[in-house]
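Engineer: Per our numbering, the sequence shown starts with residue 1448, numbered consecutively.
Read the hints as simulated data drawn from the structure, not as lab findings.
Mixed in with the good hints there might be a few duds.
Straight-line C-alpha distance at most 27 Å; calculated BS3-like pairs for lysine-lysine [what the hints assert, rightly or not]: (1) 1540 / 1558; (2) 1567 / 1540; (3) 1528 / 1558; (4) 1540 / 1564; (5) 1540 / 1528; (6) 1528 / 1452; (7) 1451 / 1528; (8) 1564 / 1528; (9) 1528 / 1567.
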Amino acid sequence: MTIKKILDQVRDNPEYSGFDDVEVNTPSLIGDTPIFSVIISGSLNDVQILIEAGADINYQGDELYTPLMQAIEFEKFDIAKYLIECGCNTSLKNAIGMTALDIALDSEIPKALEICKILKNNRTA
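Kindly generate the complete structure, drawing on both the sequences and the hints.
Structural biologist: Structure, rendered in structure tokens:
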């Protein structure tokens, strides 16, 4: 998929209602950028395209969530791993003071344990 097609699809989401144009880091009505919508859809390839086009992987959107937090919350662990590989800041906190590691630890999903290990290793690196 092309960046234009991805952004056109994002623009069709309700949180971009009334937007004539959506760029790679355009905040929506709720404060999230396109990468947040693409993470929910679960397409690692589309996330990679957005990042290559300049998407801010440390942007703090609605409730100060980061793309990494979004990926963990929505169980998109392949995307979470990729964001970590891209060097996202794993220490940022959301509006209630939780880091991505806290969110992963709170999860009862077994695959989240793998992300926890990666995040813990990232902290000590």
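Engineer: So, for every hint listed, does it hold in this structure?
Structural biologist: Verification of the supplied hints:
1. 1540 / 1558: Holds - the C-alpha atoms of residue 1558 and residue 1540 are around 22 Å apart, at most 27 Å.
2. 1567 / 1540: holds (15 Å)
3. 1528 / 1558: Distance ~11 Å between residue 1528 and residue 1558 Cα, so the pair holds.
4. 1540 / 1564: Holds, at about 18 Å.
5. 1540 / 1528: Roughly 18 Å separates the two Cα atoms, so the pair holds.
6. 1528 / 1452: Satisfied, since the Cα-Cα distance of roughly 24 Å is no more than 27 Å.
7. 1451 / 1528: holds (25 Å)
8. 1564 / 1528: Holds. Residue 1564 to residue 1528 sits at ~11 Å (cutoff 27 Å).
9. 1528 / 1567: holds (13 Å)
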